[in-house]
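Going line by line, the protein sequences match chains H and F.
Read in order, the letters of the first sequence are residues 12 to 355 in this note's numbering.
Read in order, the letters of the second sequence are residues 12 to 355 in this note's numbering.
Derived from the structure by calculation, the hints contain no laboratory data.
Predicted model only: the values in this text are computed from it and were never measured.
It cannot be assumed that every hint is accurate.
Which copy is meant is left open, so a pair is good if it fits within one copy or across any two.
Straight-line alpha carbon distances no greater than 27 Å define the calculated DSS-like cross-link-like pairs of lysine-lysine that follow [stated by the list, open to error]:
id, residue 1, residue 2
1, Lys149, Lys82
2, Lys198, Lys149
3, Lys237, Lys272
4, Lys339, Lys314
5, Lys314, Lys173
2 protein chains.
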Amino acid sequence: MTDNDRTEISDLGEFGLIEHLTANFELKQAFSLKGIGDDAAVVDHQGRLTVVTTDLLLEHVHFDLMYMPMKHLGYKSVVVNLSDLYAMNAEPKQITVSVALSNRFSVEAMEELYDGIHIACERYGVDLIGGDTSSSVKGLVISVTALGEANEDELVYRDGAKPGDILCVSGDLGAAYMGLQLLEREKRIYIENPQIQPDLEGHPYIVGRQLKPEARRDVIELLREKGLKPTSMIDLSDGLSSDLQHICRQSGTGALVYESKLPIHEETYNMALEFHMDPTTAMLNGGEDYELLFTLPADESYKVLEMEGITIIGKITDASEGIRLETKNGNEQEMPAQGWNHLG
Amino acid sequence: MTDNDRTEISDLGEFGLIEHLTANFELKQAFSLKGIGDDAAVVDHQGRLTVVTTDLLLEHVHFDLMYMPMKHLGYKSVVVNLSDLYAMNAEPKQITVSVALSNRFSVEAMEELYDGIHIACERYGVDLIGGDTSSSVKGLVISVTALGEANEDELVYRDGAKPGDILCVSGDLGAAYMGLQLLEREKRIYIENPQIQPDLEGHPYIVGRQLKPEARRDVIELLREKGLKPTSMIDLSDGLSSDLQHICRQSGTGALVYESKLPIHEETYNMALEFHMDPTTAMLNGGEDYELLFTLPADESYKVLEMEGITIIGKITDASEGIRLETKNGNEQEMPAQGWNHLG
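This is chain H alone, in the form it adopts within the complex:
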């Protein structure tokens, strides 16, 4: 097999590669004083607070290149970090990206990855200011750190929920998880019989939610417009039941979630049925939705009802009541808590 479009990483060398890949990244933030190319990057925060988050993504653990295009992977690697900053009510400003790769990857593959990173940077207005590339024995490893800014009074932590607060979520739930189930199924079919082409038609929403999630900047902006500041907030990366636990544990509260209020997309619902799975299980335990889960004082409910794409799904209760689910038939039960545990 000839592959005329393949350039070996070794043709460029380590320094050449990172220069090549980041050549079209311009520093746009006025306060990104120094980007890639020195021992460290320099950021001026002009007295505002710096908010920092980091994620380490490994091939075969956090992503599968059999169905995840490199460009999407680059985009998603950035977005999942920005999502964490929005969940603090902070504004993302800069990222660093380090990549380790084996010689299985060509320069063109890395270009795709950095294209995706670039598109995410453009879309969310953040600068790539640091990072490097090195080799791996096997597989691809991506480490992204994101820096954001906020004034102290703007920050929203996980520990501020109060009994009586309403519990709200943006968007819909379980779609990324059902997208993953579909992709995994088609992968298995393809491995068993490469003649059969993957059938992803008719499921653009759930596949897109898995491969190209967005961080909910729009929700943060909408809350600000409405003059609303959540008492607590978290982004849904591990799944509603697991992430709600973080809020309750850190706030010292319980919570009651109404099954009938949980927002679901039609495609998610149908795919769950196709997999003989309770759609509620997908909504409660499916990870990677990157929606925002937040609490607000109950007397702000009327403002939330006016906000498109935000659903009130429950309320915060006393810690003694635990985290409970009111099912569609009116029973209350302990919230089934089986998160998206990467160490499971």
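Following the hints, position chain F against chain H.
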């Protein structure tokens, strides 16, 4: 074989593990407002600049657990990042650490790693403010991001060297590289014949330089005491010839290095001879010394001569002269440039 001291990671779970490992890390920096346990960490820089650097370390690429104890690995993972901040003349303040590990590793092994991280944090006065753990298919991956602070007029970049400047280096060169050669040799012997115990006696310096390097905070402090601000600076991670290239390329200069001035430790010298290697090759191309290479105006030379542990090894020249080495016998030749290229 029974192993009573082994606790499986799965006994704690992902959230349990990171909580367990970081329980004894207190935030000491007054401006580390929020550490581990939320979507992101929060840092108040009070109007000073934020300096950011990140490193991704992979087992079998950047370290070998056959001779690198976990505690040392934790320590070194932090130190190599702090070294980058000192090379900017910035003060390290906070770090984030993400770890991915396979089920080969026990909780006790992770405790050792975090012990080393903790010791480094204590020694250098930095706070661990974020990060996480996840699983890997195979091997250990460590990603460290370090945040530092500086006033704008304190920062030293790589691009400020001027023809005529003197070229200075702290400590001695090539020791970490010769330590690595020794460790690799003893590993090979051990693999071939496990009866033979590794013979590291008599080489504490070079082994220590490889397994437990320090970041040269003391040099930064000494320069400050003397009222000296380098015109350019870099830390020696890839090797003198490679790192000097960065300074020259970014400053638009050449350089002349005097072979006879290069500082070497007796153990390094003897081990190079034992390996039938020119000691100069170890000094020029050996990586991981984490010494500081910096330039100063020539009229500051007299102050440098008073500074213990700092050696003037050459001078900055016009770009047209390239990067050259004046050998011990008085010849000038192009600097042999074969860095510590992880993608080689």
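Hint check results:
For the homomeric pair Lys149 and Lys82, the shortest alpha-carbon distances inside one copy (20 Å) and between copies (25 Å) are both at most 27 Å. Within a single copy, Lys198 and Lys149 get their C-alpha atoms as close as 21 Å, and across copies as close as 22 Å, so both meet the 27 Å cut-off. Taking the closest pair of Cα atoms, Lys237 and Lys272 come within 27 Å of each other only inside a single copy of the chain (22 Å); across copies the shortest separation is 68 Å, beyond that limit. In this assembly of identical chains, the alpha carbons of Lys339 and Lys314 lie at most 27 Å apart only when taken from the same copy (26 Å versus 79 Å across copies).
Taking the closest pair of Cα atoms, Lys314 and Lys173 come within 27 Å of each other only inside a single copy of the chain (18 Å); across copies the shortest separation is 62 Å, beyond that limit.
The structure shown violates none of the earlier numbered hints.
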